[in-house]
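Chains as they are written, first to last, in my numbering: chain A, 1 to 93; chain B, 1 to 409.
Since the hints were made in silico from the structure, they are not lab data.
FRET-style restraints, in silico, Cβ to Cβ:
#1 B:Gln71 / A:Ala54: 37 to 43 Å
#2 B:Gln126 / A:Asn26: 32 to 38 Å
#3 B:Leu159 / A:Ser14: 26 to 32 Å
#4 A:Asn26 / B:Pro310: 27 to 33 Å
#5 B:Lys399 / A:Ala12: 55 to 61 Å
#6 A:Gly57 / B:Asp299: 56 to 62 Å
#7 A:Val93 / B:Glu130: 22 to 28 Å
#8 B:Ala407 / A:Val93: 53 to 59 Å
#9 B:Lys399 / A:Lys87: 48 to 54 Å
Derived lysine-lysine pairs resembling DSSO-like cross-links, with alpha carbons at most 30 Å apart:
#10 A:Lys92 / B:Lys129
#11 B:Lys245 / A:Lys53
#12 A:Lys87 / A:Lys64
#13 B:Lys391 / B:Lys58
#14 A:Lys48 / B:Lys106
#15 B:Lys241 / B:Lys161
#16 B:Lys105 / A:Lys48
#17 A:Lys75 / B:Lys245
#18 A:Lys92 / B:Lys168
#19 B:Lys168 / A:Lys53
#20 A:Lys92 / B:Lys241
#21 B:Lys247 / A:Lys92
#22 B:Lys358 / B:Lys314
#23 B:Lys322 / B:Lys262
#24 B:Lys262 / A:Lys87
These numbers were taken from a predicted model, which means no experiment stands behind them.
In this text, a Cβ means the ideal position worked out from N, Cα and C, and glycines have one as well.
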Amino acid sequence: MDIQIQHSDVYALSHHHRFQWEEAQNSYVILFPEGMVKLHGGAGEVLKRVDGKATVGDIVADLKATFPDAEDIEKDIIGMFELAAGKGWLRKV
Amino acid sequence: MTQASLGESVVQKTVHAATNNGVAASATQTQPLWLLAEVTYRCPLHCAFCYNPTDYDKHTQNELTTEQWIQALRDARKLGAIQLGISGGEPLLRDDIEEIVVEAKKLGYYSNLITSGVGLTEKRIQAFKEGGLDHIQLSMHDITEEINNFITNTKTFELKKKVAAMIKGHGYPMVLNVVIHRYNIGHMKEILEMADALGAEYIELANTQYYGWSLVNRSQLMPTREQVEEAERITNEFREKSGSKMKIFFVVPDYFSDRPKKCMNGWGEVFMIVTANGDVLPCHSARVLPNMNFPNVKDTDLGWSWKDSPAFNKYRGDSWMKEPCSSCSEKANDLGGCRCQTFLLTGDAEAADPVCSKSPHHHLIEKAIIDAQNPVIAAQPIVFRNDKNSKRIIAGELKALTDEFHALP
Chain A
1 MDIQIQHSDV YALSHHHRFQ WEEAQNSYVI LFPEGMVKLH GGAGEVLKRV DGKATVGDIV
61 ADLKATFPDA EDIEKDIIGM FELAAGKGWL RKV
Chain B
1 MTQASLGESV VQKTVHAATN NGVAASATQT QPLWLLAEVT YRCPLHCAFC YNPTDYDKHT
61 QNELTTEQWI QALRDARKLG AIQLGISGGE PLLRDDIEEI VVEAKKLGYY SNLITSGVGL
121 TEKRIQAFKE GGLDHIQLSM HDITEEINNF ITNTKTFELK KKVAAMIKGH GYPMVLNVVI
181 HRYNIGHMKE ILEMADALGA EYIELANTQY YGWSLVNRSQ LMPTREQVEE AERITNEFRE
241 KSGSKMKIFF VVPDYFSDRP KKCMNGWGEV FMIVTANGDV LPCHSARVLP NMNFPNVKDT
301 DLGWSWKDSP AFNKYRGDSW MKEPCSSCSE KANDLGGCRC QTFLLTGDAE AADPVCSKSP
361 HHHLIEKAII DAQNPVIAAQ PIVFRNDKNS KRIIAGELKA LTDEFHALP
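All chains should be built: construct the whole structure from the sequences, respecting the hints.
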């Protein structure tokens with residue numbers, strides 16, 4: 001699915017999806033009917049900031065500030081939004 | 001209960017994962033991510049395709065108490081269980097599902113009530129919503145009242161439609177499960193349209209797999225290969241053309257494949273089942289296997305059961321395999337298929353699943369397919385899943401129907 005992510009877009013978790021920290025997995029997960037996706041470090045950091053209020057641009061800026069040493073982080077963040085929106089984990093508000 | 005979680009597809013969905021820009025997610029792991037609580041074997045429906053054990057009547061008087069279920073939920077959560085299926089039988093025949101749901105929420109489970117809808121009232125669904133139940137999976141049988149009532153041996157058609165509306169009305173995602181067999185496989189398009197019209201978000205078209213009652217009724221239920229192919233074609237066409245947002249899972253019937261299913265995504269890999277009487281199993285039918293001692297939550301620690309019990313380690317991985325599996329280049333794809341099906345049909349639990357065309361027992365599957373087309377065999381009466389028939393099977397009265405199998409299905 002081709003989804004164009006704009007910096008001004010605001011996303012929220014899709015209905016019937018739950019995002020939570022799983023101690024046993026040592027990672028964040030997204031839960032939905034009949035399924036679960038385990039999110040490794042970077043992906044969890046992105047999804048954690050998705051709250052239906054912050055814009056993609058806000059989240060990019062926040063992550064850049066939090067991880068100043070990470071290179072070219074913006075491309076990865078946008079990629080994560082594309083993936084999550086494409087998979088239906090996130091919905092645009 | 002339906003055959004909802006029987007197929008490997010569900011397990012794969014459990015662990016399916018994303019890979020993008022180095023954002024990788026996990027492959028399988030030996031952790032009981034999925035806990036299925038078969039809280040009762042009692043059921044108001046009498047479905048001919050039910051995979052519950054035919055001798056379930058033994059386990060209707062010794063069900064776990066509410067406290068025992070809550071303890072099992074807590075212990076499983078510590079082991080990493082996250083998806084909880086509350087199933088049966090018909091779970092709503094217990095009056096403590098509300099309490100179980102509240103505890104599940106407290107523990108952080110994503111909980112799913114797997115139900116026929118019988119017994120779901122406004123009052124109960126309200127309590128489930130407030131208690132934090134995440135979703136409800138409703139079994140549907142056909143678009144026609146005639147087939148629904150025939151295959152379930154009950155008059156439940158109108159009720160199911162009412163329950164579907166109730167689920168939707170309470171803001172739940174609509175997850176439908178339709179077990180597919182000879183009597184409804186010709187109605188695929190209509191079933192999909194019905195699901196779409198009901199506003200379903202997910203529909204699972206679960207081709208019957210042959211365990212329990214469905215194995216006893218195999219010749220009466222099995223469609224032809226052509227019917228299965230047509231059903232899949234119609235499903236794919238619907239997916240592409242309808243514009244519906246409904247997610248459709250088509251569980252391929254293993255009898256018509258050349259290779260077996262990776263049953264339960266591997267023995268003791270991600271699935272754990274606790275049965276009505278507290279047995280802890282790696283799959284629904286495991287009790288058909290010989291020389292196995294399955295732990296029970298009443299007297300055994302769940303962590304030990306999962307990690308260390310001989311039963312859970314028996315078929316983990318592939319070191320138990322023999323030829324043709326052990327040297328097979330594809331063994332990692334399916335782990336030799338289903339142990340229960342293999343034993344039921346061949347009498348050797350370590351053989352290759354007879355579904356596999358490389359299996360020396362493959363002729364058994366071919367014969368079953370041919371038998372199902374034999375008008376004389378196919379015209380034998382269906383044995384519906386009910387207490388009376390279960391008692392008769394336990395008493396050995398229906399031996400002629402189960403004799404060809406190496407254990408009581």
